[in-house]
Amino acid sequence: MKKFNFKNFSIRKLDLSSHNVRFLSKYRIWFAVPLVVILVAIIVFSIFSAVNKDVETGMNLGIDFTGGTVMTVAVGSELDNDSTYNSYKNALTKIIEDEGYNVGNVQKSDKGADARIIIKYQNKDADLESSNQAIKDKILATYPKLSEEDVSLESISASSAQDLLSKALISLAVIFVVML
Numbered sequence: 176m177k178k179f180n181f182k183n184f185s186i187r188k189l190d191l192s193s194h195n196v197r198f199l200s201k202y203r204i205w206f207a208v209p210l211v212v213i214l215v216a217i218i219v220f221s222i223f224s225a226v227n228k229d230v231e232t233g234m235n236l237g238i239d240f241t242g243g244t245v246m247t248v249a250v251g252s253e254l255d256n257d258s259t260y261n262s263y264k265n266a267l268t269k270i271i272e273d274e275g276y277n278v279g280n281v282q283k284s285d286k287g288a289d290a291r292i293i294i295k296y297q298n299k300d301a302d303l304e305s306s307n308q309a310i311k312d313k314i315l316a317t318y319p320k321l322s323e324e325d326v327s328l329e330s331i332s333a334s335s336a337q338d339l340l341s342k343a344l345i346s347l348a349v350i351f352v353v354m355l
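Read in order, the letters of the sequence shown correspond to residues 176 to 355 in the numbering used here.
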């Protein structure tokens with residue numbers, strides 16, 4: 176076997192035409208690999224959906240896709256301390272869960288006087304307005320320092336969520352087709 180010598184190497188001497196690489200002869204393999212990945216994803220999704228007895232749970236969709244409420248609580252500079260943030264987070268989560276709703280996501284936004292806690296939770300009640308008002312009233316009763324303007328609620332309707340979900344599924348289908 177001949178040893179490679181870097182001193183004699185030059186790009187001009189590199190001849191790729193003498194190499195015979197046959198990618199197209201292996202087209203079945205190149206087609207099968209993404210197909211197997213897609214099939215595994217479909218099987219895993221089906222298993223999660225069957226175990227949870229719900230397609231939405233199988234996909235683990237957030238309120239952006241299923242509809243719900245985004246609550247913003249303007250707390251201010253008190254949130255700069257992690258222990259204070261955790262106590263607010265736990266108390267607000269408990270208030271919402273006591274009303275029978277699942278809290279999806281809690282996060283801190285901004286710093287200093289503009290600091291706020293953003294909480295997303297699912298509620299598909301027919302009487303959405305009164306249930307959100309009950310939660311807001313409990314928060315204001317628990318934290319008397321907060322004013323009515325400090326707690327804001329935004330409802331995400333299921334129809335806008337359904338539109339977003341259908342666009343996401345179409346995008347996934349296009350990606351799978353392009354992958355193949």
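A few of these clues could be false.
As the list claims (entries may be wrong) - Here are the simulated SDA-like cross-link-like pairs (lysine to any residue), alpha carbons at most 20 Å apart as the crow flies:
#	residue 1	residue 2
1	311	291
2	342	216
3	313	346
4	320	330
5	264	223
6	295	329
7	311	346
8	311	280
9	295	330
10	283	306
11	264	295
12	286	261
13	283	328
14	311	292
15	311	242
16	228	266
17	264	313
18	264	342
19	313	259
20	342	327
21	283	320
22	295	306
23	295	280
24	286	339
25	264	311
26	269	216
27	313	298
28	295	311
29	313	332
30	264	245
31	269	286
32	295	275
33	311	342
34	320	266
35	311	327
36	320	242
37	342	242
38	264	216
39	269	247
Hints listed in this document are in silico derivations from the structure and should not be mistaken for laboratory results.
Here is what the structure says about each hint:
Pair hint residue 311 plus residue 291 holds up; C-alpha atoms about 15 Å apart against a cutoff of 20 Å. About 19 Å separates the Cα atoms of residue 342 and residue 216, which keeps this hinted pair within 20 Å; it holds. Restraint check for residue 313 and residue 346: the C-alpha separation of about 41 Å exceeds 20 Å, so the hint is violated. Of the supplied pair hints, the one linking residue 320 and residue 330 is violated, its CA atoms being roughly 25 Å apart against a limit of 20 Å.
With a CA separation close to 29 Å, the supplied pair residue 264 and residue 223 exceeds the 20 Å bound. Taking the CA atoms of residue 295 and residue 329, the gap is about 10 Å. The hint holds against a cut of 20 Å. For the hint pairing residue 311 with residue 346, the CA-to-CA distance comes to about 37 Å; that exceeds 20 Å, so the pair is violated. The suggested pairing of residue 311 with residue 280 holds, with an alpha-carbon distance near 17 Å, which does not exceed 20 Å.
Of the pairs offered as hints, the one joining residue 295 and residue 330 holds, with about 10 Å between alpha carbons and a cut-off of 20 Å not exceeded. For the given pair, residue 283 sits about 24 Å from residue 306 by alpha-carbon distance, which is inconsistent with the 20 Å threshold. Of the pairs offered as hints, the one joining residue 264 and residue 295 holds, with about 12 Å between alpha carbons and a cut-off of 20 Å not exceeded. Restraint check for residue 286 and residue 261: the C-alpha separation of about 15 Å stays at or below 20 Å, so the hint holds.
This hinted pair checks out: residue 283 and residue 328 have alpha carbons roughly 16 Å apart, not beyond 20 Å. For the suggested pair residue 311 and residue 292, the alpha carbons sit about 14 Å apart, so the restraint of at most 20 Å is met. Between residue 311 and residue 242 the CA atoms are separated by roughly 19 Å; this keeps the pair inside 20 Å, and the hint holds. At roughly 31 Å between alpha-carbon atoms, residue 228 and residue 266 are farther apart than 20 Å, so this suggested pair is violated.
The straight-line distance between the Cα atoms of residue 264 and residue 313 is roughly 14 Å, inside the 20 Å bound, and the hint therefore holds. Restraint check: the Cα-Cα separation between residue 264 and residue 342 comes to about 33 Å, which exceeds 20 Å; the hinted pair is violated. For the hint linking residue 313 to residue 259, the alpha-carbon distance of about 19 Å falls within 20 Å, and the restraint holds. Between the alpha carbons of residue 342 and residue 327 the distance comes to roughly 28 Å, so the proposed pair goes past 20 Å and is violated.
For the suggested pair residue 283 and residue 320, the alpha carbons sit about 19 Å apart, so the restraint of at most 20 Å is met. For the suggested pair residue 295 and residue 306, the alpha carbons sit about 14 Å apart, so the restraint of at most 20 Å is met. In summary, the hint linking residue 295 to residue 280 is supported, as the alpha carbons are separated by about 5 Å, within the 20 Å threshold. For a cut-off of 20 Å, the pair hint linking residue 286 to residue 339 is broken: about 31 Å separates their Cα positions.
As the CA atoms of residue 264 and residue 311 are separated by approximately 15 Å, the hinted pair is consistent with the 20 Å bound. For the hint pairing residue 269 with residue 216, the CA-to-CA distance comes to about 35 Å; that exceeds 20 Å, so the pair is violated. A distance of roughly 17 Å separates the Cα atoms of residue 313 and residue 298; the hinted pair therefore holds under the 20 Å criterion. Straight-line distance between C-alpha atoms of residue 295 and residue 311 comes to about 14 Å, which keeps the hinted pair within the 20 Å bound.
Of the supplied pair hints, the one linking residue 313 and residue 332 is violated, its CA atoms being roughly 23 Å apart against a limit of 20 Å. Under the criterion of a C-alpha separation no larger than 20 Å, the hint pairing residue 264 with residue 245 is consistent with the structure, at around 14 Å. Among the hinted pairs, residue 269 with residue 286 is inconsistent with the structure: their alpha-carbon atoms are about 24 Å apart, more than 20 Å. Distance hint between residue 295 and residue 275 is fulfilled; the C-alpha atoms sit about 14 Å from each other, no more than 20 Å.
At most 20 Å may separate the alpha-carbon atoms for a hinted pair to count; residue 311 and residue 342 exceed this at roughly 33 Å. Under the criterion of a C-alpha separation no larger than 20 Å, the hint pairing residue 320 with residue 266 is consistent with the structure, at around 15 Å. Taking the CA atoms of residue 311 and residue 327, the gap is about 8 Å. The hint holds against a cut of 20 Å. Annotation: proposed proximity of residue 320 to residue 242 is violated, straight-line Cα distance about 30 Å (limit 20 Å).
Annotation: proposed proximity of residue 342 to residue 242 holds, straight-line Cα distance about 15 Å (limit 20 Å). Under the criterion of a C-alpha separation no larger than 20 Å, the hint pairing residue 264 with residue 216 is inconsistent with the structure, at around 35 Å. For the given pair, residue 269 sits about 16 Å from residue 247 by alpha-carbon distance, which is consistent with the 20 Å threshold.
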